[in-house]
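Residue numbers (this note's numbering), protein chains in the order written: chain G, 1 to 435; chain H, 1 to 244.
Note that these hints are calculated values from the structure, not bench results.
This structure is a prediction, so every number in the text was calculated from the model and none was measured.
Every residue, glycine too, gets a C-beta built ideally from N, C-alpha and C.
Just to be clear, a hint being listed does not mean it is correct.
Said to hold, decoys possible - Okay, derived cross-link-like pairs now, SDA-like style, lysine to any residue, Cα gap no bigger than 25 Å in a straight line:
id: 1; chain 1: H; residue 1: Lys10; chain 2: G; residue 2: Arg87
id: 2; chain 1: G; residue 1: Lys379; chain 2: G; residue 2: Arg87
id: 3; chain 1: G; residue 1: Lys65; chain 2: H; residue 2: Ile179
id: 4; chain 1: G; residue 1: Lys357; chain 2: G; residue 2: Ala123
id: 5; chain 1: G; residue 1: Lys80; chain 2: H; residue 2: Leu120
id: 6; chain 1: G; residue 1: Lys43; chain 2: H; residue 2: Val17
id: 7; chain 1: G; residue 1: Lys95; chain 2: H; residue 2: Leu120
id: 8; chain 1: G; residue 1: Lys43; chain 2: H; residue 2: Asn9
id: 9; chain 1: G; residue 1: Lys99; chain 2: H; residue 2: Lys64
id: 10; chain 1: G; residue 1: Lys24; chain 2: H; residue 2: Lys173
id: 11; chain 1: H; residue 1: Lys10; chain 2: G; residue 2: Asp96
id: 12; chain 1: G; residue 1: Lys108; chain 2: H; residue 2: Gly12
id: 13; chain 1: G; residue 1: Lys80; chain 2: H; residue 2: Asn20
id: 14; chain 1: G; residue 1: Lys304; chain 2: G; residue 2: Glu159
id: 15; chain 1: H; residue 1: Lys173; chain 2: G; residue 2: Asp96
id: 16; chain 1: G; residue 1: Lys205; chain 2: G; residue 2: Asn355
id: 17; chain 1: G; residue 1: Lys95; chain 2: H; residue 2: Phe177
id: 18; chain 1: H; residue 1: Lys173; chain 2: G; residue 2: Asp93
id: 19; chain 1: G; residue 1: Lys404; chain 2: G; residue 2: Tyr339
id: 20; chain 1: G; residue 1: Lys16; chain 2: H; residue 2: Lys173
As the list claims (entries may be wrong) - Some, not all, of what chain G presents toward chain H, calculated at C-beta under 7 Å:
id: 21; residue: Arg39
id: 22; residue: Ile42
id: 23; residue: Tyr71
id: 24; residue: Val106
id: 25; residue: Arg107
id: 26; residue: Arg323
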Amino acid sequence: MDKKISFWAPLDNAAKIFPAIRSKEHSTVARITAVLNERVAIKHLFSAIELAEKRFPYFKVSLRKGFFWYYLEQIDDPVKVTGDTGRLCQAFDRKDSNKLLFRILVRKNEISVEFSHILTDGAGLLQFLKAILIYYFNEKGMIPEEQIDPFYTSKANPEEFEDAYNRYFKEKIPHVIRQQKAFHLPFDLNPKPRFDVLLAMISTKELKERASEKSVSITIFLVAVYLLVLQDIFHECKVKGKGVRRKLARIQVPINLRNIYPTKTMRNFSLFVLPELDFRLGLYSFDEIVKIVHHKMELETDEKLISKIISRNVGGERNVFVRSIPILLKSLVLYAKYYAEGANQFSGVVTNLGNTKVPDAIADQINYFVITPPPPNKKVKINCGVIGYKDKLVLSFGNISNSKEFERRFLRFLVEQNVKVKILNTYHEQRDELL
Amino acid sequence: MNSEMNYCNKCGVELDVNMNFCPLCGLSIGEKSGADELSTSQQKLEKDKIIDDFEKLTKAQRRKLFWELSNIILFSGILVTVTLNLFLNKSITWSSYSTVASLAVLANISVFSFWRHRMLIIVLGSLVSTSLLLILLDLFSTNVGWGIKLGIPILLSFYILLLLVIWLIRISKQRGFNILAIIFLAIGLFSICVDGFVSLYFVHQFQIRWSIIVVTSMIPISALLFYVHYRLKKGVDLRRFFHI
Numbered sequence: 001m002d003k004k005i006s007f008w009a010p011l012d013n014a015a016k017i018f019p020a021i022r023s024k025e026h027s028t029v030a031r032i033t034a035v036l037n038e039r040v041a042i043k044h045l046f047s048a049i050e051l052a053e054k055r056f057p058y059f060k061v062s063l064r065k066g067f068f069w070y071y072l073e074q075i076d077d078p079v080k081v082t083g084d085t086g087r088l089c090q091a092f093d094r095k096d097s098n099k100l101l102f103r104i105l106v107r108k109n110e111i112s113v114e115f116s117h118i119l120t121d122g123a124g125l126l127q128f129l130k131a132i133l134i135y136y137f138n139e140k141g142m143i144p145e146e147q148i149d150p151f152y153t154s155k156a157n158p159e160e161f162e163d164a165y166n167r168y169f170k171e172k173i174p175h176v177i178r179q180q181k182a183f184h185l186p187f188d189l190n191p192k193p194r195f196d197v198l199l200a201m202i203s204t205k206e207l208k209e210r211a212s213e214k215s216v217s218i219t220i221f222l223v224a225v226y227l228l229v230l231q232d233i234f235h236e237c238k239v240k241g242k243g244v245r246r247k248l249a250r251i252q253v254p255i256n257l258r259n260i261y262p263t264k265t266m267r268n269f270s271l272f273v274l275p276e277l278d279f280r281l282g283l284y285s286f287d288e289i290v291k292i293v294h295h296k297m298e299l300e301t302d303e304k305l306i307s308k309i310i311s312r313n314v315g316g317e318r319n320v321f322v323r324s325i326p327i328l329l330k331s332l333v334l335y336a337k338y339y340a341e342g343a344n345q346f347s348g349v350v351t352n353l354g355n356t357k358v359p360d361a362i363a364d365q366i367n368y369f370v371i372t373p374p375p376p377n378k379k380v381k382i383n384c385g386v387i388g389y390k391d392k393l394v395l396s397f398g399n400i401s402n403s404k405e406f407e408r409r410f411l412r413f414l415v416e417q418n419v420k421v422k423i424l425n426t427y428h429e430q431r432d433e434l435l
Numbered sequence: 001m002n003s004e005m006n007y008c009n010k011c012g013v014e015l016d017v018n019m020n021f022c023p024l025c026g027l028s029i030g031e032k033s034g035a036d037e038l039s040t041s042q043q044k045l046e047k048d049k050i051i052d053d054f055e056k057l058t059k060a061q062r063r064k065l066f067w068e069l070s071n072i073i074l075f076s077g078i079l080v081t082v083t084l085n086l087f088l089n090k091s092i093t094w095s096s097y098s099t100v101a102s103l104a105v106l107a108n109i110s111v112f113s114f115w116r117h118r119m120l121i122i123v124l125g126s127l128v129s130t131s132l133l134l135i136l137l138d139l140f141s142t143n144v145g146w147g148i149k150l151g152i153p154i155l156l157s158f159y160i161l162l163l164l165v166i167w168l169i170r171i172s173k174q175r176g177f178n179i180l181a182i183i184f185l186a187i188g189l190f191s192i193c194v195d196g197f198v199s200l201y202f203v204h205q206f207q208i209r210w211s212i213i214v215v216t217s218m219i220p221i222s223a224l225l226f227y228v229h230y231r232l233k234k235g236v237d238l239r240r241f242f243h244i
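Please put together the full structure from these sequences, using the hints given.
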């Protein structure tokens, strides 16, 4: 690629924070794995990656430091395809000669894609992996060209690399009121490298049935379980006499804004809804929590409220004073603000990519998908990624603490609700361990 | 690599029939991934390492040889000068200068020979030996204390600035005019130190006089060099760099 005509772009609104807060441990790198029913044929995979490179040229960028802002610049480094050693979501080494912000990892029957959150969100990442799978099976002759969605065969649309936050920014929107700090799990951190993942597979059908009994979606049901477990741990701390100053639990639930605002963007375009529980008001039953989460989610996904948050976020970056601060100082301020305010806003994360669909011709070639959200920060300590495929729904608990108490309680509750849980290890060799 | 199954023993991926090694890990057909069994690629790496080590060893031997030769020459010099001094003056007078100077040179050669990759040891060793040289020279001559009061502060400021310049050179990703600019700035700062310490020694006040001229001429030169460096820096579009 000729450097003179290489394109560049400022970071999108959501990505602007990541260069300032990323570190070796808090890598801000997410992973999605497709577990196939057969071993990966490496020759076909390389051909598929080559096609994906051409289809998504805007992902072949590196992060550059400008005077006022970071920006993305197109480069021609080869896509890194490596064996999967089992260490997930590792930070992109800044000293590495390959400056791309994504990598592809392969092991036996698994294809994983790891992306820096600077480039895209979970939805963008999944779309990229699906493209690789479609090209891969096309190379293997398992899916005819005519059954492939034109999105995967057409050239990249410039709109796919737009900063959609900016497009939907509205001026003169009132400020968002600052919220109280949230409760954090009282666990000690793991020694470095801290990040560990626990995978649990459950039946989508079973979980859906349990959620339907409460007339809510799977996401709401899982968020309610998350809050219930936090409530249990909070009260246990109180009984044990551990001082817990923060009496509000809040869960960060990313919302894919592409479902609200029309855009083809493949970059970050999501926001968070923060359902919360006030422990000061007494002990909540599970049904009460489900009700609270349901109404809070309904309320906060309202287009006008979303618009308010977009405008607050984008308004910040448009502020002349903010813009004119040199990057070094800006990064320091962003880092301090993230740990003083951002990370204090929520107690946990539930990110659900929903039920994944692939073309019928290749549906039987894929066993299941796994999403591993970026390693949680030192305050939140644990997060949860959810992705379904057919009847297999995989919960991925990212954890940097030395306790598995949260996961144990979470999964135990599901078992009590008559949802069978199977624990997989990070290599996805099923241990058939039933709780 | 299992030839019948045609998959990599390490990554577990299926390989095409004409593939002799796994493009992911480099393991070739028939190889096991166990740690006790070295793969061909690993063996090659080991071999490379041995060759590399051997080359390093030769260089070390060369440095040792140089150090030994320096020892012989300098100690012979010391011996000759002291003998001459004793023979001509019946006591050790002027030869003490050449002796301490030779010992300081030897100390510098030693740190450069044996700790060439340890910048801090080199600089500290060199600083200490040269400081001792100055103190001894002062002691042998007028003994008015200029060695400690004037020599060491100037020397110390020189070494601190030297370390700073080396560090900046090391961390700069693209080296060019920016290095020159850094050196010019360091010269300016050094001139302030010399000016200040000299005035402190003679008039007991840290005064900056002539060095201000040096600094005011160095700053615009450095600024110009920095500008030229970043303006001409390959691959950087100023519009991108300064987008606000």
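Structure-based check of each hint:
no.	hint	in the structure
1	Lys10/H - Arg87/G	holds (15 Å)
2	Lys379/G - Arg87/G	holds (22 Å)
3	Lys65/G - Ile179/H	holds (20 Å)
4	Lys357/G - Ala123/G	holds (12 Å)
5	Lys80/G - Leu120/H	violated (37 Å)
6	Lys43/G - Val17/H	holds (10 Å)
7	Lys95/G - Leu120/H	holds (23 Å)
8	Lys43/G - Asn9/H	holds (16 Å)
9	Lys99/G - Lys64/H	violated (41 Å)
10	Lys24/G - Lys173/H	holds (21 Å)
11	Lys10/H - Asp96/G	holds (24 Å)
12	Lys108/G - Gly12/H	holds (4 Å)
13	Lys80/G - Asn20/H	holds (20 Å)
14	Lys304/G - Glu159/G	holds (23 Å)
15	Lys173/H - Asp96/G	holds (13 Å)
16	Lys205/G - Asn355/G	holds (11 Å)
17	Lys95/G - Phe177/H	holds (23 Å)
18	Lys173/H - Asp93/G	holds (15 Å)
19	Lys404/G - Tyr339/G	holds (24 Å)
20	Lys16/G - Lys173/H	holds (23 Å)
21	Arg39	holds (4 Å)
22	Ile42	holds (5 Å)
23	Tyr71	holds (6 Å)
24	Val106	holds (5 Å)
25	Arg107	holds (6 Å)
26	Arg323	holds (5 Å)
Hints 5, 9 from the list above are not met by this structure, while the remaining hints are.
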